[in-house]
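The lines below spell out each chain.
Protein chains: 2
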Amino acid sequence: MKTLCSVSTLARIFALSVLLALGQPAQAQTDPLPSWNDGPAKKAIVEFVQVTTTPGSTKFVPPAERIATFDQDGTLWVEHPMYSQVMYILESVPALVKAKPELAKVAPFSTVLEILKGDRAAIAKLTLPDLEKLAAATLTGMPVQTFEAEAKKWLAEAKDPRWKKPYTELTYLPMQEVLKYLRASGYKTWIVTGGGQDFVRQYSDKVYGIPPEQVIGTAGGTKYGYAKDGKPYLTKEPRLLLNDNNAGKPEGIHLMIGRRPTMAVGNSTGDQQMLEYTQAGDGARLAMLVLHDDARREYAYGPAQGLPATKVGAFTQALYDEAKKQGWTVISMKDDWKKIFTFE
Amino acid sequence: MKTLCSVSTLARIFALSVLLALGQPAQAQTDPLPSWNDGPAKKAIVEFVQVTTTPGSTKFVPPAERIATFDQDGTLWVEHPMYSQVMYILESVPALVKAKPELAKVAPFSTVLEILKGDRAAIAKLTLPDLEKLAAATLTGMPVQTFEAEAKKWLAEAKDPRWKKPYTELTYLPMQEVLKYLRASGYKTWIVTGGGQDFVRQYSDKVYGIPPEQVIGTAGGTKYGYAKDGKPYLTKEPRLLLNDNNAGKPEGIHLMIGRRPTMAVGNSTGDQQMLEYTQAGDGARLAMLVLHDDARREYAYGPAQGLPATKVGAFTQALYDEAKKQGWTVISMKDDWKKIFTFE
Numbered sequence: 001m002k003t004l005c006s007v008s009t010l011a012r013i014f015a016l017s018v019l020l021a022l023g024q025p026a027q028a029q030t031d032p033l034p035s036w037n038d039g040p041a042k043k044a045i046v047e048f049v050q051v052t053t054t055p056g057s058t059k060f061v062p063p064a065e066r067i068a069t070f071d072q073d074g075t076l077w078v079e080h081p082m083y084s085q086v087m088y089i090l091e092s093v094p095a096l097v098k099a100k101p102e103l104a105k106v107a108p109f110s111t112v113l114e115i116l117k118g119d120r121a122a123i124a125k126l127t128l129p130d131l132e133k134l135a136a137a138t139l140t141g142m143p144v145q146t147f148e149a150e151a152k153k154w155l156a157e158a159k160d161p162r163w164k165k166p167y168t169e170l171t172y173l174p175m176q177e178v179l180k181y182l183r184a185s186g187y188k189t190w191i192v193t194g195g196g197q198d199f200v201r202q203y204s205d206k207v208y209g210i211p212p213e214q215v216i217g218t219a220g221g222t223k224y225g226y227a228k229d230g231k232p233y234l235t236k237e238p239r240l241l242l243n244d245n246n247a248g249k250p251e252g253i254h255l256m257i258g259r260r261p262t263m264a265v266g267n268s269t270g271d272q273q274m275l276e277y278t279q280a281g282d283g284a285r286l287a288m289l290v291l292h293d294d295a296r297r298e299y300a301y302g303p304a305q306g307l308p309a310t311k312v313g314a315f316t317q318a319l320y321d322e323a324k325k326q327g328w329t330v331i332s333m334k335d336d337w338k339k340i341f342t343f344e
Numbered sequence: 001m002k003t004l005c006s007v008s009t010l011a012r013i014f015a016l017s018v019l020l021a022l023g024q025p026a027q028a029q030t031d032p033l034p035s036w037n038d039g040p041a042k043k044a045i046v047e048f049v050q051v052t053t054t055p056g057s058t059k060f061v062p063p064a065e066r067i068a069t070f071d072q073d074g075t076l077w078v079e080h081p082m083y084s085q086v087m088y089i090l091e092s093v094p095a096l097v098k099a100k101p102e103l104a105k106v107a108p109f110s111t112v113l114e115i116l117k118g119d120r121a122a123i124a125k126l127t128l129p130d131l132e133k134l135a136a137a138t139l140t141g142m143p144v145q146t147f148e149a150e151a152k153k154w155l156a157e158a159k160d161p162r163w164k165k166p167y168t169e170l171t172y173l174p175m176q177e178v179l180k181y182l183r184a185s186g187y188k189t190w191i192v193t194g195g196g197q198d199f200v201r202q203y204s205d206k207v208y209g210i211p212p213e214q215v216i217g218t219a220g221g222t223k224y225g226y227a228k229d230g231k232p233y234l235t236k237e238p239r240l241l242l243n244d245n246n247a248g249k250p251e252g253i254h255l256m257i258g259r260r261p262t263m264a265v266g267n268s269t270g271d272q273q274m275l276e277y278t279q280a281g282d283g284a285r286l287a288m289l290v291l292h293d294d295a296r297r298e299y300a301y302g303p304a305q306g307l308p309a310t311k312v313g314a315f316t317q318a319l320y321d322e323a324k325k326q327g328w329t330v331i332s333m334k335d336d337w338k339k340i341f342t343f344e
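Those sequence lines, one after another, are chains L and C. FYI, in UniProt numbering the residues of the first sequence are 1 to 344. FYI, in UniProt numbering the residues of the second sequence are 1 to 344.
Think of the hints as simulated: they come from the structure by calculation, not from any bench. Using N, Cα and C, we set each Cβ at its ideal position, and we do this for glycine too. Treat the hints with care, since some could be wrong.
[Said to hold, decoys possible] Just a few of them, taken from the derived set where beta-carbon distance is under 10 Å, the chain C residues facing chain L:
| id | residue |
| --- | --- |
| 1 | K164 |
| 2 | K165 |
| 3 | T168 |
| 4 | P211 |
| 5 | A219 |
| 6 | E276 |
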């Protein structure tokens, strides 16, 4: 009988079948950070994720320990000309004055009314104690649910002065890609912000994919009580529990997470301790700072711009030198980001 | 041609094949709570999980909102004759006195030394202010890492006075099954304890499958600083941020989670506000209390036993009446639990 196939032909058919079964040569991996230019920053992120998540790697990090913390203002979204939450505080003053008309002539409420009328120079009159007084007046004394509804309403309506968009659209697309890439690699992403915890929790899930329980911010106490119908509710109190700036960041991280981050990203002196604390751990750690050096597409403020530290926390020359000394990766918005905003 | 089968025979064979293809009558679903006797408590848990997780259910709870909070002492593990962390505090006094011998004659340290010598009556001498002083002395003033190592060491070596086992083995098997069942159903399980947050975080993952970031406890501030080699570290301060008992529980939940639980379990008056707060939400909510009514297998303390509230938080008659009024499920250890401890 004439055999259909010789052994060698069968062997070749078998081998070919195996190859076909194993599939095409691997497609080029989809770039998880398409808005990033090739460069040391992008490389640092991708390599960090790979070495910490590849089984057998000497720098493997067990999933439970994959914690990445992000400052928000100036790291995940725009913080100039002013923190959006400071705008919230200022824009909440008219309602306050409507309820208590005597405040209209009392500083700092009177100063704020001038600012809102267009007297931008009056901003310089506001001291830190003024801001604390305004924060206490506009962020505390009401039920939590009331605050949450007011914050949500303001966020839906307020527009930034430059691009005329809701603040929640001014997030940095390249950082959004980092958040998604980390989560897809088994990391938990946290926000660690000097901004108000209750405020940021109103949009963090929808805007960043970061749920309320993974937001650490400046936080005050609450007081438990009962409404007339017996239903319990919490009232925001002017009692500061955590000032989540500078050394407050590692303190807040210890309080709320109880683990040291493996990766931390910030942009100013207010993040220095968080980065130090992160890097002090064993094994692979990644610490990064976002440098605002792109006046055309965003804002330029940092040591190279020779701008003074005009707000709480800035990317000073000292911070830049510390970053170089400690091996923290500095991200240049100008060089590293192909696109900054989704809406460009 | 003689047909092998008539149409009716073929039909029967087809029908039989279909039945066989559909498989045997469904095996009884594996019982997720095998240590629970059938009864209203077990039923309440299973029904709650089913209605909140079955797509299409009118009481469906999206996975992100599936938060279940558990008191620890008396709910997840034994709390008699004394909270294990109080034992830790007392047993830490000798080391303190060794470092500062002058304390040996100073109350309450001298009282504790008497207690440890066997003078159990001396326990009654300790007031709440005494306990606070002892807590500050033994739980604060040291680096976080030092405290964590000391707590871990004590937990590994200490034995309870009745079963002579490590405290971490005195967890309630039926509650462990509830934790696992909830997590398998997409719930996140949290501990909300009056005990020290840093203390409980040393074993919560290994013992309960609850990671540090899902432990809320009584918590103090920390202070960031630098060691001689420049490495940063945190020191535990005697500055109370959160007293996680009574109204402190909803306050702690708001601070650390920022969501209302869908389910909460406690065992004493110290959990009342947490259960009220949980139940005040819309949709399906489950609030439960563990009643200690089994003197033979564990300890009996509660309204039916006529025992006075001898410790902070107890299952008083008032709490029992509140539970009935609010529709909270009372779990009877005697009737509902086939087995209490893994080691029985």
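Could you tell me which of the hints above the structure violates, numbers in ascending order? Violated hints: 1, 2, 3; rest satisfied.
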